[in-house]
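Colleague: Chains C and V supply the protein sequences, listed in that same order. Numbering of the first sequence is given in numbering that gives the first Met the number 0, commencing with residue 0 and proceeding in unit increments. Numbering of the second sequence is given in numbering that gives the first Met the number 0, commencing with residue 0 and proceeding in unit increments.
Please keep in mind that the hints were generated in silico from the structure rather than gathered at the bench. Take the hints with a grain of salt, since some may be wrong.
[Unchecked claim] Derived CB-CB ranges, DEER-like:
1. V:24 to C:23: 51 to 59 angstroms
2. C:140 to V:50: 18 to 26 angstroms
3. C:156 to V:38: 32 to 40 angstroms
4. C:35 to V:2: 40 to 48 angstroms
5. V:24 to C:31: 42 to 50 angstroms
Glycine residues also receive a C-beta, built at the ideal position from the N, C-alpha and C atoms.
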Amino acid sequence: MGAGPSEITQLLKRWAQGDSGVVESLAPLVYDRLHAIAEAYLRGERPDHTLQPTAVVNEVFLDLLRLQRLTLRDRAHFFTFAARLTRRVLIDSARKAKAEKRGMGWQRVPLDAELAWLGGDGATALDLSQALDDLAEFDPAKTRMVELHYFFGCTMEETADILEISTRTVARSLDFSLAWLRRRLAAASPTV
Amino acid sequence: MNADERKRFRQIEGIFCAALERPPGTERDALVRAMSVGDAGLCREVELLLEDHQRIRSAARHPEAGASDSTLSRKQS
Chain C
0 MGAGPSEITQ LLKRWAQGDS GVVESLAPLV YDRLHAIAEA YLRGERPDHT LQPTAVVNEV
60 FLDLLRLQRL TLRDRAHFFT FAARLTRRVL IDSARKAKAE KRGMGWQRVP LDAELAWLGG
120 DGATALDLSQ ALDDLAEFDP AKTRMVELHY FFGCTMEETA DILEISTRTV ARSLDFSLAW
180 LRRRLAAASP TV
Chain V
0 MNADERKRFR QIEGIFCAAL ERPPGTERDA LVRAMSVGDA GLCREVELLL EDHQRIRSAA
60 RHPEAGASDS TLSRKQS
């Protein structure tokens, strides 16, 4: 993380108290990290595709600004929420490309090699989103872990810190969650 | 989602995590069978998850091989 937890938490407290100017201080602390994540996801994209990392990050920021009225109470809440927004922007893009039949070359590069088995097309991203929602019905904390670690790029330690559990618990839960997600996707599609 | 489904999810997770504490092979297989206490369906579900776990680990170690494995990917041609 580029900024300390207390720094972000203090900025979020001021934001929640109605200090809209705090966004100008918060954005630089998280922008570079969000941009790097978007770049990683889109690295295998067709060169002529219109979607760019900057556009993904801008969409996330726009959503954060639109939702300013919501209280992002601390660093953990912010990271979890931003991870969801990033995921949603990517899924929306995949859905759009699929609808327009222009998504055949859309390559999504996971942040971690452990997710390489997901493949790279837009349809898979949509399936994964549904599988994550299914997982959340059983255990919302597991979906949060996957989002934070694999979609937002938090380390095991950062994920454990944010969720206030042990690193060992995070590691074991991620092992289980990935296997569960893979089985879910395999059951949904005979080609996975 | 009902209470029974959540309970089974927890059972599967508990056995899965306990099994990961043992090395792959007969010792792990025996533990899974023992913890499933005669529930063949439960035992099979855990075994399948453990197989998937091994595939994921293998794909992470050898991402190129994983990406070209038709059982792990469904890239469009």
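Colleague: Are the hints correct? Go through all of them and say.
Modeller: Each hint, compared with the structure:
no.	hint	result
1	V:24 to C:23: 51 to 59 angstroms	58 angstroms, holds
2	C:140 to V:50: 18 to 26 angstroms	25 angstroms, holds
3	C:156 to V:38: 32 to 40 angstroms	36 angstroms, holds
4	C:35 to V:2: 40 to 48 angstroms	42 angstroms, holds
5	V:24 to C:31: 42 to 50 angstroms	46 angstroms, holds
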